[in-house]
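*Asks:* Spelled out, the chains give:
There are 2 protein chains.
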Amino acid sequence: MRHFEDELNELQSRLLEMAGVVESSIHLSLRSLVERSEEDVQQVLRNEDRINQMEIRADEMATRLMALRQPMARDLRFLTAAVKINADLERMGDLAVNIAQRAVSLMRVPEVKPLVDIPRMGMLVEVMVRKSLDAFVNRDGDLARTVLLADDAVDSLKESTYAELIRFMETDSSTITRAVDLMFVAHNLERIADHATNIAEDVLYLAQGIDVRHHSEG
Amino acid sequence: MRHFEDELNELQSRLLEMAGVVESSIHLSLRSLVERSEEDVQQVLRNEDRINQMEIRADEMATRLMALRQPMARDLRFLTAAVKINADLERMGDLAVNIAQRAVSLMRVPEVKPLVDIPRMGMLVEVMVRKSLDAFVNRDGDLARTVLLADDAVDSLKESTYAELIRFMETDSSTITRAVDLMFVAHNLERIADHATNIAEDVLYLAQGIDVRHHSEG
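Protein chains in written order, with the working numbering: chain C, 1 to 218; chain D, 1 to 218.
It is worth saying that the hints were derived from the structure and are not from the lab. In this text, all values refer to a predicted model and were calculated from it rather than measured experimentally. Mixed in with the good hints there might be a few duds.
Since the list gives no way to pick out one identical chain from another, each pair is judged satisfied if it fits inside one copy or across any two copies.
To be verified - Calculated cross-link-like contacts (lysine to aspartate or glutamate; reagent style DMTMM-like; alpha-carbon spacing at most 20 Å): (1) Lys84 with Asp134; (2) Lys84 with Asp194; (3) Lys158 with Glu170; (4) Lys158 with Asp75; (5) Lys84 with Glu39; (6) Lys113 with Glu170; (7) Lys113 with Glu17; (8) Lys113 with Glu5; (9) Lys84 with Glu10; (10) Lys113 with Asp142.
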């Protein structure tokens, strides 16, 4: 039987490999929107199948490790965090698919206006995802905290994107369908940011044993 | 030390108690929209705090049970399902809060038109949630399958709601802000239905050991 520590490391490697595919999906979904690339959409859909398989395998591995050995408190914290991070990554992949689907509708019609805020929001979100995973690998609570702060910036960028799109719709009703698609793109980006925030919260729990969930409610 | 079986039963009871609060939140969020009730909104917000506390406690209990004993395969399947159902319930509570927040904006302005499709969608979703939990309590795979089927009905009702709201926006630009709020209500209902579907999938896994996740993709 392999050393328990090796198996935990392998589980972490699998999550990071999955995260790489998810990050690629997020990036490609935004590029498919900006560059109107059908090929990028196809790649996001291919990635989704791979992510789904990876999620099931990582889940099975985490469950098996919880069952076969009697993990110590620290390892058990890692395993429960791994199960949650796995679910967050899978959902991020789904949200990238949603963005790519909106990109397909938008590809067929003229631009409402040059995209500015959504690519900017996308960049912020990509950085949040990257930092949440770096924080996970290094159990870096300080880095995880920067992810929680960035979430507020994404929310306010989303609000201004909504406000601008509503002005477009009110001024020119021919833009409505397209503006609604863009609102849902912004909404999906915000949800990806929420999942990065979940991962950062899990890292704080791992790094310091503090439960920071529901930190920003009310 | 208490009998392991008793502790598993207590965990299940806690989840069902939490589900009761979540179901009440979903119902009140829809009622706050239809009846323009500020008091219902307040109750949804109070429920959210309670749900968040319940989620943390159920999570701690599941983690402790995984750690302290070496559960058999069947019990471990229950514990991992419990962790997931717990997370799904908490998110449903958040989505009810989102609906209640849209209800607050809509309360201050005249109706776009009498609400028909959204309350109907709400009823379907409430039934899905109830059935997914009944299926969980009774490990009833057949009932869980009816939840998976109902999800398609909710999706198609959502699509027709969107189409109707877009027609309103195109015809009368003064309805745009309100129609967007209603679209997000429909979107949140669809997401609640997705979480009920997740629970039903976990029940199928519990009842039959079949992994039906990603059943409807592609």
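*Asks:* Each of the hints needs a verdict: does it hold here or not?
*Replies:* Results of checking the hints against the structure:
Taking identical chains as interchangeable, the C-alpha atoms of Lys84 and Asp134 lie at most 20 Å apart only when both belong to the same chain, with a minimum of 16 Å there against 25 Å between chains. For the homomeric pair Lys84 and Asp194, the shortest alpha-carbon distances inside one copy (13 Å) and between copies (18 Å) are both at most 20 Å. Proximity of Lys158 to Glu170 under the C-alpha cut-off of 20 Å is restricted to the intra-copy arrangement: shortest distance 18 Å within a copy versus 23 Å between copies. With identical chains, the CA atoms of Lys158 and Asp75 are never at most 20 Å apart, being 38 Å at best within one copy and 43 Å at best between copies.
In the homo-oligomer, the alpha carbons of Lys84 and Glu39 never lie at most 20 Å apart, since the shortest distance is 31 Å inside one protomer and 35 Å across protomers. In the homo-oligomer, the alpha carbons of Lys113 and Glu170 lie at most 20 Å apart both inside one protomer (15 Å) and across protomers (19 Å), since each shortest distance falls under that limit. For a Cα distance limit of 20 Å, the shortest separation of Lys113 from Glu17 qualifies neither inside one copy, at 36 Å, nor across copies, at 49 Å. With identical chains, the CA atoms of Lys113 and Glu5 are never at most 20 Å apart, being 53 Å at best within one copy and 61 Å at best between copies.
Proximity of Lys84 and Glu10 under a CA criterion of 20 Å is satisfied intra-copy only: 17 Å inside one chain copy versus 23 Å between copies. For a Cα distance limit of 20 Å, the shortest separation of Lys113 from Asp142 qualifies neither inside one copy, at 38 Å, nor across copies, at 50 Å.
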